[in-house]
Each structure stands twice: as C-alpha cells, then as structure tokens.
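Trainee: Keeping their order, the protein sequence lines are chains Y and Z.
Here the first sequence is numbered in full-length UniProt numbering, starting from 1 and rising by one per residue.
Here the second sequence is numbered in full-length UniProt numbering, starting from 1 and rising by one per residue.
By construction, these hints were calculated from the structure, which means they are not laboratory data.
Since the model is a prediction, treat every value here as computed from it, not as a measurement.
The reader is advised that the hints may include incorrect statements.
Ranges between beta-carbon positions, derived for each pair [as the list claims (entries may be wrong)]:
1. Ser220(Z) with Ile105(Y): 47 to 57 Å
2. Phe60(Y) with Ser107(Z): 27 to 37 Å
3. Phe53(Y) with Leu18(Z): 55 to 65 Å
4. Met19(Y) with Phe55(Z): 45 to 55 Å
5. Met19(Y) with Ser166(Z): 16 to 26 Å
6. Ser220(Z) with Ile26(Y): 22 to 32 Å
7. His165(Z) with Ser268(Y): 52 to 62 Å
8. Ile105(Y) with Leu18(Z): 17 to 27 Å
9. Phe60(Y) with Ser170(Z): 53 to 63 Å
10. Ile28(Z) with Gly150(Y): 24 to 34 Å
11. Phe110(Z) with Lys205(Y): 23 to 33 Å
12. Glu49(Y) with Phe55(Z): 52 to 62 Å
13. Phe29(Y) with Ala176(Z): 22 to 32 Å
Don't be surprised by glycine CBs; every beta carbon is placed ideally from N, CA and C.
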Amino acid sequence: MAATKKKSRQFRKSFQLTMLALPAIIVIFIFSYIPMAGVFIAFKNINYEQGIFHSPWIGFDNFKFFFTSNDAWLVVRNTLGYNIVSIVVGTLLAIIFAILLNEIISRKALKVYQTVFFFPYFFSWVIIAYMAYSFIGPYGILTRFIEDLGFTSFDFYTETWIWPFLLSFINIWKGLGYISIIFYAGILGISQEYFEAAAIDGASKYQIIRKITIPLIMPLITIMTLLSVGKIFYSDFGLFFFVPREVGQLYPVTQVIDTYVYRMLRQSGDIGMSSAVGLFQSLMGFIIVLISNYLVKKVNDDNKLF
Amino acid sequence: MSFRRTLPQILIHLLLILFGISCIIPLISIISISLSDENSIIQNGYSFVPQGFNFSSYAYVLYKPLQLLSALKTSLIVSIVGTLISLIITAGIAYVLSREDYKYKSSLSFYVFFTMLFNGGLVPTYMLISKYLHLKNTIWVLILPYLAIPWFILLLRSFMQKIPHSIIESCMIDGASELRIFFKIILPLAKPGLATIGLFIVLQYWNDWWLSLLYIEKESLVPLQYMLYRMINNIEFLTSSTNAMPPGMNTSIIPAETARMAMAILAAGPMLVVFPFFQKYFVKGLTVGAVKG
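Bound-form chain Z, shown alone:
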C-alpha cells in the first residue's frame, strides 16, 4: 500500500486510539491505586502504575464484609429480579406496539411516548412513592419504578417490527392464541433483541443510586452504588466498628485512599465481566434500535 493511502489510516487510528486510551485510563488508575501502598500514596500522590503491590486495601475492605455483603446482596437481588420482570413486561408491550394490526396501536404509542416528553417532576413522584404507596425502605422501591422504561420499549419494538408478519399470521391460521404466539414464537425469535435490552436493563438496575438516594435509609437495603457514594466523603461507612482491622495490619493507618478505590473496583467489576459476553448483541442492538419512534 502506498504511503499516500496509509498515512490517513495512521492518523485516523492515532486519533481513535487517543480517545480509546482516555476511556481506559481512569479505570487503570483506580485499579493501580487500589493495589498501592497507602503510605506511598500519601507521600507521592496517585499514579497510573501501582506503588508497591499489595492487596491490603482489599483485605481491609473484605475483612469484615458484612456491610459490603449486604450491599452486594441488595444490588444482586434488585438487578436479577428487576431485570427478569422488567424484560417480560417490556417485551409484552413492545410486541403489542410492533403489531400493525393492533387496534389501539397509535393511542398506546402515544401513551408510552408522551411520558418521554413530559413528567410530573421529582416532588409529586417522591410524595406518591413515600407517602401514598409506602414503598420507602422496601426492596420494591428499587425495582418497580424502572419496570417499564419508554426508551427500552421503543428500542425493543423496533426489533420486533423486523419479525415478518407472515409468521404471526400463519400461527393465527393454525388457531394459536395471541399469548401462545407471544411466548412460543415471538420471544424465541426476538432473543438478540431481548439480550440487548436485557443488558440495558441490568445496567440500569446495577448502576442505579438515584432510587436509593431518595428512598432508602435502612442500612440493610443500601445497594452497592449508594454505599459507594456515601464513602466518597467518609470511608467509615464501610466499617461500622473501628476495630475492624485484619490481624497483622498496622492499626495506625486505615488504608482509606486505597480501600475506597478497591470498593469502586468491586462495584464496577461485575459489569465489566458481563460486558464482553453481550458486546456482540449490544452493537447490533443499537444498529436496529437507532430508528425513529
């Protein structure tokens, strides 16, 4: 290949690599801080390469992990239960909206779409959930509000519109009921779409701190992200008692700076592990989803 043709390629790669690095480097920096030695951090500040190499921050975080485990439990329950229910609910309405022959298609579309344009605002929602539905300090408050997110409904609908109508028609001629068609034919056919939207929903639940910030005061229901938020300013939230140092660790120094970053890694980690499995679907999902509502 001639120089005139390779030069632009090199420049393009350079630019994209630069942005790519900016996407990874913050992650690398918190990983290396979490592995660093607390004393050298305080002396030299943070750096991209670990200063020293030890797991004392993780040992500290995981020594009496009651708080951490309860936060992890809440996050897991909310993410798993929430995603399962949300996915089936979202798929249900998305399928109905994808059916051109559904009698109330346009009014139902409007019903869903309108909530993307206008909402009652924080205060009425807050009053409703805390004063009237009495959902405050229950696990349900972390799940219910995200069960039917309009944007995900629209994305999944565009997926389902790609399913040929003739398949549905031939099932109807065979006398299958709508419910049967949905569960036996549509859901299996829409698997890539469900995987994509499922990932979006998992991410929504796992990364959520908003609902817990508003509605959770009970310690046992605090999810990971919210716990992490409270630790931004105060590492003590991690360990309710002061004698929670692992044996053999210098008790005069709480590895606050490194432990904080270790916590961030523990909270971000699961999503980073899940991500590669979904990546294929994810890009494909955006391709299909990026059509108008």
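Just chain Y, same shape as in the assembly:
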C-alpha cells in the first residue's frame, strides 16, 4: 500500500517536471528535430511541380555536383582557414588578457575594462559592418589615411589580399573581450590557497602562471576550444555577408559555406544542392567534435566535453 502510494507520488513528480519542460521540448522538436528529418532533400532532385516528397531520388548526385565544382575547395578552405586562425589566435590572446586582468590591482580599472571589453559583443554584425565602413569605405578614416600616404584612390573593396587579415581581425576582435572575461572568471574561481602556497615557496610570477593558473583553467580552455572546434565548419554569417558588402569580386576570399548555401538557395534556388552542402557541413562538424572529444578524453579524461 505504502509502496504504491510512493510510486504514484514519484510518477506525479516526474509528470509535473516533464510538464515544465514540455514547451521547450516542443519548440526544440519543431525547429531542430523536424529539420533533421528533412536532410533527405539532399538526395533528391527537387522540382516545384512534384514538391519535396514526390521529387525523384538521385542518390549522391547533389554532393558529386558540389565536390566537382571549383567552389567546394574554395568555400571549405575559407571556412576552415578563418576559423582555425580565430580559434588559435583568439584563444591565445584571450588567455593572455585573462591573466593580465587578474594581475590588475585597481578594482575600479578592472570594472572599466570589463565593461568596455564587452562592447563589441553587444553590436550586431550589421552595426559592425557600418563601423567597418566608417574605416574602410570610400570616405573611411583608414582609406583617407592611406590615400594621404600617397596611394591615389585606394579602394578596400577591390583589394582582395587585404580581406583575410581584415575579416580575421574583426572576427577575433568581436569575441576577444567576451572570451577573456570567461577565462578571467575561471581564474577567479581558482582557490586562493594555491597562489599563497606558491608565493610562500618563492615561486615567481611567471612560474605561478605556468604551473598553477594555466593548468587549473585548462578544463575551461579545452571546453571553449572544443565548442569552437565543433563549429569549425560554420561561420559567422553576418561577418562574411555584411562586412564585405556583397562585393562579388571579393567572393574568392569572403565566401564561406554559410554564405554559399544562402546564396545558392536565394539566388539560384537550387534546393537539392544547397541542402547537400548544408548536410555536408553538419556532418563534418559533428564528426570533428566527436573526434576531438575522443582525443581530449584520451589525454585527460577530466577535460572532455561529454
């Protein structure tokens, strides 16, 4: 009797909790899981008369089409290139900034830095495109500066070579403050005893950073890096779409998988092929994160993501 009563209470408890989670479960189901089921579009030759369910199956033709085109290498190279640069350089700079923030003595200055460093995070990519334009547009501050140096009519939007640097810079700049603060928060979480013990033993600042600070925030660094690595086949669409202002001449260095899929869907309306590229992107991202998580797990089990 008591057992069944307990059981029914147990049931009521998990039922009520499930009800609390239900709205989110439904939203996630509709906007994340149903589209997952839609990946079959990639294997079809979609035409509007027959609709997506009745269009003929064509196997891997959409993929073949993409990979034999020149675009495939280009967009994959750009996507991976920009991401690798921003993961490596961005993470290193963020660690350095976090350590420097931790060295700051003045509480007031610290507060100002924390506020200011967040600014870029608060701007949408559209606003950042305007900011970039105020520097590199035809009337831009940088443009005029370069012209004053003696280059007549310098135009950033035709100089292909400059864009990899420019986009990497903006990309790292936007996230740097945010990631630095996350790492800094991680350092704050380290028990003060470690630092005191090290100081008593006569360790130098440099030794403390190398032997205590960095090893102790390593799990955090690994998780943040793993999360970025999992997104290595994805790009910030806004950065690559708005900042170069859709100048076609710059596509060889600004086109990434995301903008490519969008443009293919919007401009040529090639549903089958754009979803094939999208599926390739999703699958690669998934595989990469599984592999890197496995490797991290092998080196140090505590640092794994899942």
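Please arrange chain Z on chain Y, whose structure you already have, making use of the hints.
Mentor: For chain Z alone, coordinates are given in the frame of chain Y:
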C-alpha cells in the same frame, strides 16, 4: 610602491587600454560621423571628431519616420514578447535539468545537447518554416525559432544547480506541488540567473537580422537591424518618397553618409542604454555559466 613593481602594472594597463580603445573607437567614429556636416564629410572623409556639429542627419532620419517607427515597433514587440516567453520556457526546462532526482534527466539533457552538435541545416529549416508552417511574413517567425536556445538552457541550468536541494525537499515535505515550487520558490531564487539569461535573450532578439533576412518581405514587419542592412547600400530604403526632406534643409543634398550612421546609432543605442544596468549580472552570469554541460 617601488618602480620594479609599478612598471609591470603600467605595461599591463597600457596593453589593456589599447584594446579597450579599439572597442570604443568604432562607436565614437559613427557617432561623430552622424553629427558631422555632409559636405565636409564628402570633402574630407570621415573622422573621429565631428566635422561641424549639427543634427541634420537625425532631422532627416526622423522627419518622416514612418518606416523607422514601424521598424522600431517590430523590433520592440519581438524583443519584449520574445524575451518574456523565451525566459519562462528556458527557465522551465533548465530547472528540470537541474534536478538530480528527475527520472529522465540524462535523456532530456541529451535531447537538448544533441541539437548543439548536429542540425538539419538551412534548407530543411527554411522549407519547414515557409512551406509547411506558413510562418513567412508573420511576426511569429521572428520570435518562435529562438524560444529555446540550448546554450542558454545549459547556462541557466548551471545557475539553478547552485540552489540547495534541501530547499526544494522541505517544500515537498510541506506538500507543495512541483509547479508551485517552481513559480514560488525557484524563480525568485534564480533572479540573478534569469537577469543574465534575459539579457542574452534580449540581445539575441534585438540584434537579429537573420530571421528577417530569410522570412520577411512585408515592409511593415521589417525590424530595425534588417532595415539597417538594406540601407548599407541604399539610403533610399529609409524614405520611400523623395520629397521627404525637412523644410529648410537644402534639398540638393541628401545627407546620405551621415544619415546612415545616425540610423546605426539609433539601432545600437537602446542596447547600450540597457547594458550598464545588467553589467553586474552579466559578468556574474558568465562566472557561473562557464562550467561544463
């Protein structure tokens, strides 16, 4: 303090100040451009200090602000309604995931977490929303897709895990239902967490141009960010009619360059005003949130 100890401090400050300046200067430059005189801009190019000082760009932007007002209205509705609904939905599932004694905790975690690793991609989502849900050109398409963002769920969950389980237990002994515990006990206790995640969500909605880029063609539903995007190349989007010049302004020059920047300020402004109020929670939120999922 000796020189040997202050020197590193100075160097550190110098480096951090340098980056700090780089964070502010783009904002300063668009503010000063928006206040500048259009003619001198065209002659001298942009600069960090305003050339001349007038509000004609703002006068131009705000003279017949129908477009602007409708964009502002859309952005406001989406941000406010979206944030309120999203916050309650996110809090609901985050709380359930924070409960160690919830029977389906691990499978539900997986259900949420998996969507961060794998997704169907743009095309199936686009087809679903436009062809099957018929949400295109409705205000709901700007709200619904962001109602339950996995990353925010995980962040809020780590907040709620900090709430001592004994509080929940004592409420249960008193016979309170789970729903009652959630609304009467958990939500008030999780206020700092809710403030942080709420800010993230507001920011997500206010700064979004992606959903409108894909699903909005109706002029009356264009939000601020998307309107701003369309103005990057074409200031005419701002004023549908050409005679929209304020009286007394030289009609031969449309202050295109300065008005564009004035618009950017108007779109970025509200977030910059809100930001300081949340700053306290924001940093704290990251501190707590930065634990593993």
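Trainee: All hints, please: hold or fail.
Mentor: Going down the list of hints, with the structure as the test:
1. Ser220(Z) with Ile105(Y): 47 to 57 Å: holds (54 Å)
2. Phe60(Y) with Ser107(Z): 27 to 37 Å: The hint (27 to 37 Å, Cβ to Cβ) holds, given that Phe60(Y) and Ser107(Z) are roughly 33 Å apart.
3. Phe53(Y) with Leu18(Z): 55 to 65 Å: holds (58 Å)
4. Met19(Y) with Phe55(Z): 45 to 55 Å: holds (54 Å)
5. Met19(Y) with Ser166(Z): 16 to 26 Å: holds (24 Å)
6. Ser220(Z) with Ile26(Y): 22 to 32 Å: holds (29 Å)
7. His165(Z) with Ser268(Y): 52 to 62 Å: The hint (52 to 62 Å, Cβ to Cβ) holds, given that His165(Z) and Ser268(Y) are roughly 56 Å apart.
8. Ile105(Y) with Leu18(Z): 17 to 27 Å: holds (19 Å)
9. Phe60(Y) with Ser170(Z): 53 to 63 Å: Distance hint for Phe60(Y), Ser170(Z) holds at roughly 60 Å.
10. Ile28(Z) with Gly150(Y): 24 to 34 Å: holds (27 Å)
11. Phe110(Z) with Lys205(Y): 23 to 33 Å: With Cβ atoms ~43 Å apart, the hint is violated.
12. Glu49(Y) with Phe55(Z): 52 to 62 Å: Since the Cβ atoms of Glu49(Y) and Phe55(Z) sit about 56 Å apart, the hinted range of 52 to 62 Å holds.
13. Phe29(Y) with Ala176(Z): 22 to 32 Å: At roughly 30 Å between Cβ atoms, Ala176(Z) and Phe29(Y) fall inside 22 to 32 Å, so the hint holds.
Checked against the numbered hints given earlier, the structure breaks only hint 11 and satisfies all the rest.
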